[in-house]
Amino acid sequence: MNLAVEIAGLRFKNPLIAASGTFGYGVEYEDVLDLSRLGGIVSKGLYMEPRDGNPTPRITETPSGLLNAIGLQGIGIRAFVRDVLPRIARYDTVHLVNICGDTVEEYAEVARVCDGAEGIAGIEVNISCPNVKKGGLAFGGDPRMTHEVVAAVRKVTRRPVIPKLSPNVADIAVLARAAEEAGADALSCINTLLGLAVDVETRRPKLAFGTGGLSGPAIRPVAVRMAWQAARAVKIPVIGIGGISSASDALEFLIAGCPAVQIGTANFVDPGVHERILADLATWLEQHGLDDIGAVVGTLEYPGLPGPCGTEVCP
Amino acid sequence: MNLAVEIAGLRFKNPLIAASGTFGYGVEYEDVLDLSRLGGIVSKGLYMEPRDGNPTPRITETPSGLLNAIGLQGIGIRAFVRDVLPRIARYDTVHLVNICGDTVEEYAEVARVCDGAEGIAGIEVNISCPNVKKGGLAFGGDPRMTHEVVAAVRKVTRRPVIPKLSPNVADIAVLARAAEEAGADALSCINTLLGLAVDVETRRPKLAFGTGGLSGPAIRPVAVRMAWQAARAVKIPVIGIGGISSASDALEFLIAGCPAVQIGTANFVDPGVHERILADLATWLEQHGLDDIGAVVGTLEYPGLPGPCGTEVCP
Amino acid sequence: MPANRIVPLVAREGLRGPYWLLTFRHPEIARDARAGQFVMIKAGTSAEPPLRRPFSIMATDPGAETFTLFVKEVGPGSRALGRLAPGEVAQCLGPLGRPFSTPPAGTEALLVAGGYGVAPFRLFAEELKRSGGRGRLFYGGRTSDDLPLLEHLGGTSTPLVPATEDGSVGHHGQVTAPLEEWLDSGAGPARLYACGPEAMLHAVARVAEARGLAAEVSLDPWMGCGIGTCLGCVVKVQNTDETRASYRCACTEGPVFDAARVRWPGEEVSRARRERAGFMA
Amino acid sequence: MPANRIVPLVAREGLRGPYWLLTFRHPEIARDARAGQFVMIKAGTSAEPPLRRPFSIMATDPGAETFTLFVKEVGPGSRALGRLAPGEVAQCLGPLGRPFSTPPAGTEALLVAGGYGVAPFRLFAEELKRSGGRGRLFYGGRTSDDLPLLEHLGGTSTPLVPATEDGSVGHHGQVTAPLEEWLDSGAGPARLYACGPEAMLHAVARVAEARGLAAEVSLDPWMGCGIGTCLGCVVKVQNTDETRASYRCACTEGPVFDAARVRWPGEEVSRARRERAGFMA
Ligand SMILES: Cc1cc2nc3c(=O)[nH]c(=O)nc-3n(C[C@H](O)[C@H](O)[C@H](O)COP(=O)(O)OP(=O)(O)OC[C@H]3O[C@@H](n4cnc5c(N)ncnc54)[C@H](O)[C@@H]3O)c2cc1C
Ligand SMILES: Cc1cc2nc3c(=O)[nH]c(=O)nc-3n(C[C@H](O)[C@H](O)[C@H](O)COP(=O)(O)OP(=O)(O)OC[C@H]3O[C@@H](n4cnc5c(N)ncnc54)[C@H](O)[C@@H]3O)c2cc1C
Ligand SMILES: Cc1cc2nc3c(=O)[nH]c(=O)nc-3n(C[C@H](O)[C@H](O)[C@H](O)COP(=O)(O)O)c2cc1C
Ligand SMILES: Cc1cc2nc3c(=O)[nH]c(=O)nc-3n(C[C@H](O)[C@H](O)[C@H](O)COP(=O)(O)O)c2cc1C
Ligand code: FES
Ligand code: FES
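The listed protein sequences correspond, in order, to chains E, F, G and V.
Take 53 as the starting number for the first sequence in the working numbering and just add one per residue.
Take 53 as the starting number for the second sequence in the working numbering and just add one per residue.
Take 71 as the starting number for the third sequence in the working numbering and just add one per residue.
Take 71 as the starting number for the fourth sequence in the working numbering and just add one per residue.
Some hints here could point you the wrong way.
[Stated by the list, open to error] Here are the simulated lysine to any residue pairs, SDA-like style, with alpha carbons at most 20 Å apart:
(1) V:LYS306 - E:ASP104
(2) V:LYS112 - G:ALA150
(3) V:LYS306 - E:GLY128
(4) V:LYS112 - E:GLU113
(5) V:LYS112 - E:ARG328
(6) G:LYS306 - F:ARG103
(7) G:LYS306 - F:GLN125
(8) G:LYS142 - F:GLU113
(9) G:LYS306 - F:PRO102
(10) F:LYS207 - F:MET100
(11) V:LYS112 - G:LYS306
[Stated by the list, open to error] DEER-style ranges, computed between Cβ atoms:
(12) E:GLU327 - G:GLY145: 38 to 46 Å
(13) V:ARG276 - F:HIS340: 29 to 37 Å
(14) E:VAL79 - V:ALA315: 18 to 26 Å
(15) E:ALA331 - V:VAL159: 13 to 21 Å
For the record, the hints were derived by calculation from the structure and aren't laboratory data.
What you are looking at is a predicted structure, and each value in this text was computed from that prediction instead of being measured.
All C-beta atoms, glycine included, are put in the ideal place defined by N, C-alpha and C.
So here's chain E without its partners, still in its complex pose (with noise of 0.2 Å):
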């Protein structure tokens, strides 16, 4: 049974990745499971320097989802490379590190420590924060400041470069083929929606920050159709985001067109999210007589469009 998929020159053992900010710097899961099984890990969003974050409260939950607005606290890149990376380096999963900046000289700076990091396999590049007041989403919800941010980053590093879009725009196969252009190796899809809960109570937002970003199971269906317009619009891989906790919810996601997928919120309900969907995985393969993951990536027969085959049009 072959569960490794190849993305952007990168091999991840299996298809699921720890989504950024939803898994730490990795290290916190240390004593709870076991790193080396993960296909990926993905960091919480750096910066340069140390963040505190936006104020309390931060995350609220909604019908099936949660509304979060940390305001990417972390420690800093150098504090991430120093400190960090050397202990989590040693399991064997494909490192990457989610990247923020409040310009476009942070975004290529902080690159730059990551290219010259021992150990950082990829770098992924959030220019879809809804929860910062700069950058972000300001960066994301525009194809040319994607393209020039993903620019920025594609001239510093050798390593594969992964912008993350934002679902907070009319069209996403505009923001993908802006990043495409601009040198990215691969992309993630998606970053969260933005909402707003009140406090009817207090007539406030539950949230400190005002609006927050909506993840988890409710945001499924917006992140799976967002995730194949992707796939469609570009050549290169879409790794699939958003309200996964099952392996059907994964492999909707595959069948769409990804690759690869990221569990995010899922981590916060069950920690053995992971080793359960890849059980899952495996066994639903075996169920359906194929040996390799990579048969059933991009098999959506979508009324209209040409099949899998590439000739079939469905009624």
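Using the hints provided, position chains F, G and V with the ligands relative to the given structure of chain E.
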């Protein structure tokens, strides 16, 4: 206790309106509840001619949500005016018609029929249906087209014109302003989020149409955010829609600035939802020493923005 | 009149496998329900799964003011029903839909049930008994595990003919085989009534067509509201006075349709898909 | 070591009001848990509500391999726990967090509990008994309804001092009143330990500061993961060696913090909001 609100010159006896496509033409509920207790009823979307709608399956459940691609099956505006309107007009509630069109001209034509029909209080302009190949979202996603459709409808009727905006846009404020400039009297926010659910066994979309529109509790945080953004962007009233199934849900929209709300998917889950919310709203107001629902509208204290008093700035 | 009701569970019997008999109290449903009608029901008010679920009314006891559902546990909605404890309540809308028609005098009602599709026929058999009508119930499944209601179908005047594809109980083969045998054996005038998987319904429709018999089938589409407003449950039907087929709500114009009027799926839609979807494309 | 465990419910006792004592089996949690630690727990695998919930470990029985939670039913997560039947399982991560420190020899541990904040002090009292330490538990609430555990706190060597704001049981007034009386009465060296509503914790912190006593408070923020990754549970803390306050995870560096190091909310954030939110802004 005053629960009545005035929007676009129409008096709603309470702020709870049945949303288009989730309450049929009203007649379906005649035996189940007293239609006169509703603040208003919006009809299923209507074109000039009857429409078959999309093939089945047309609906599927997602976590805390409903994904649908009905495709605006309907009897056409003339059959509605002739056969249905006389039957429902006798219920003392605000009767709104949700109008659709494949072309700008068709919108205007349907609006003209509405304008001539006794008993239709106002026109909701559906420029946001994700489940049709022409019209719908194609109009609602583009500020210029939004302006054109709304202006065309405005020209042929003196009845209140209420464009219904799509959430599948980058910045709803832009669309809201375009609709306002074109002469809208109020706005409805939001229609469904475009989503895709994949059947992993058949490897086809679960819905025969392919993508569908996501509604229900899952989308509420996105809907509240967008209704709030729209309300801040325009001077005309914004009717909040999306995931409301309790008084507290409705209050989120009211506090965020909507003088009224529409209830959609919750009608399927609980046909008595209006009565339940109405009772709970009254109790809530009483408990908070208020005797007018208007007193809560737009009272959200958003961090960094002027408070409801217009002077205080929240920390 | 259908209306929204809160119904307490009064009795709960676990059958073998994933099956439950759940008896709820509600005087009007118990009094008004006709065979083929259903309720939209949801255990408690939990938000997940969001929607109510359709279940046929299997039996009623107007005296005790109760009605009984035969529930196969297949997912979250049915599971939540199976977890209700007596005394707890469900949200319920019903009775809904068009029931099976009463067989004309002198006509034998041949009831064809597959799997949980047997539910309406228990009530149908009661109605036959009350009206003095004649009937015969063909009850099929893949194995005996699919016929958990076998022992609960006594007490009516309708003979029971089980059939299983693996021969573990009753007739060895599909349920239409003993049906055709019966028809071949020179039975008198008959009318077919079927409820079960779509493939079985279609087979029954073909049997009826070949023999010039009337047949009514109870369809099983996904239902959102049960009351004609979501338009999610539609099936393609062409009535005799119509020039073209159109989508009709199974919840209000059905779930029981004249088999000859149903536009059965053509071959362009894959069989696997139809069977999974369980209804007309 | 915290780890993900599936824990069966072995006993379930309904107390008066919305309170439950739920006893689960797990050898390691029963053996390792220290007073002040908690578990992140969720009944079954239902998707709603999405997240696990934090509950203090109230008691352990290493011999029986069980641990007990004291659960106040306030919403869907706690309700689902209260509906578990013995034999059913919960998903559980723990023991988590930094426990209360052991009082230095010769120091009296003054435990101050408000509402469900009493939970960790049952285990604390056990620990005191085992170590031969001295303690005194001040247990407050608005009315006697808020002290459902009153009768369950015997069997340790720690005297119990109840207090209610309406005087319905014990001391009439806030729980800090008998605490201050005790301190005034010339008690020996003492260390304060508090768990309960934020306003109470702040009051205890002020008492400690005024008297130059050490105090540890167990904070109660919204927690998403319990393990330091969601950064949702942070509270503002400034340790002695630090030049500025920063956000620390209550789940890993807390929930127990040195009261003097907690940046208590300033007056710019409205009191109502803080109390509802139940934690530091
Ligand atoms: C008129 C009518 C009467 C019915 N009577 C009975 C009855 O008496 N006893 C009984 O056990 N069941 C009956 N059903 C079927 C029952 O409604 C479904 O089994 C139930 O809705 C499943 O809900 P769930 O949440 O348990 O599972 P889900 O997770 O919703 O469904 C499990 C699987 O079944 C599929 N599915 C769900 N509903 C349907 C459907 N209506 N048609 C086809 N596939 C579906 C889903 O796609 C999924 O794959 C009836 C259905 C209809 C329309
Ligand atoms: C370390 C720790 C230990 C705890 N120990 C216990 C215990 O021993 N016994 C006990 O009954 N409870 C305890 N709690 C509180 C318990 O976690 C919450 O009551 C529970 O999460 C509520 O979940 P729910 O789904 O039942 O209700 P929800 O609907 O989630 O919450 C009900 C209301 O309480 C608010 N709320 C929820 N969680 C918190 C929180 N952590 N702080 C402040 N407000 C909150 C919500 O905003 C909502 O208004 C503890 C909390 C923490 C952080
Ligand atoms: C608490 C929290 C923090 C997050 N932080 C980051 C982050 O630092 N960088 C980033 O790119 N995405 C971040 N995300 C987004 C997730 O990586 C993921 O894209 C999103 O949650 C959708 O996936 P899910 O539904 O599986 O959670 C965060 C999400 C959550 C819930
Ligand atoms: C089955 C279904 C059919 C709908 N049909 C229409 C329609 O005809 N016209 C329209 O403007 N909106 C239509 N909508 C959108 C709803 O009116 C509403 O905007 C949306 O469902 C969000 O609200 P909710 O979460 O309360 O359902 C439909 C929604 C559903 C679920
Ligand atoms: S179930 Fe909604 S229209 Fe039939
Ligand atoms: S609860 Fe998630 S970091 Fe503390």
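Structure-based check of all given hints:
1. This hinted pair checks out: V:LYS306 and E:ASP104 have alpha carbons roughly 10 Å apart, not beyond 20 Å.
2. Our distance criterion of 20 Å between C-alpha atoms is met by V:LYS112 and G:ALA150, whose separation comes to about 17 Å.
3. Distance hint between V:LYS306 and E:GLY128 is fulfilled; the C-alpha atoms sit about 19 Å from each other, no more than 20 Å.
4. Of the pairs offered as hints, the one joining V:LYS112 and E:GLU113 holds, with about 14 Å between alpha carbons and a cut-off of 20 Å not exceeded.
5. Between the alpha carbons of V:LYS112 and E:ARG328 the distance comes to roughly 17 Å, so the proposed pair stays at or under 20 Å and holds.
6. Of the supplied pair hints, the one linking G:LYS306 and F:ARG103 holds, its CA atoms being roughly 14 Å apart against a limit of 20 Å.
7. Proposed proximity of G:LYS306 and F:GLN125 is supported: the alpha carbons are some 13 Å apart, at most 20 Å.
8. Simply put, G:LYS142 and F:GLU113 have alpha-carbon atoms about 19 Å apart, close enough for the 20 Å limit, and the pair holds.
9. Restraint check for G:LYS306 and F:PRO102: the C-alpha separation of about 16 Å stays at or below 20 Å, so the hint holds.
10. Of the supplied pair hints, the one linking F:LYS207 and F:MET100 holds, its CA atoms being roughly 18 Å apart against a limit of 20 Å.
11. A C-alpha spacing of about 45 Å is found between V:LYS112 and G:LYS306, which places the hinted pair above 20 Å, so the restraint is violated.
12. Here the CB-CB span from E:GLU327 to G:GLY145 is close to 24 Å, at odds with the stated 38 to 46 Å.
13. Between V:ARG276 and F:HIS340, the C-beta spacing of about 32 Å keeps the proposed range 29 to 37 Å intact.
14. In this structure the hint that E:VAL79 and V:ALA315 lie 18 to 26 Å apart at CB holds, the actual value being about 24 Å.
15. At roughly 18 Å, the beta carbons of E:ALA331 and V:VAL159 sit within the given window of 13 to 21 Å.
Of the hints listed earlier, those the structure fails to meet are numbers 11, 12, in rising order.
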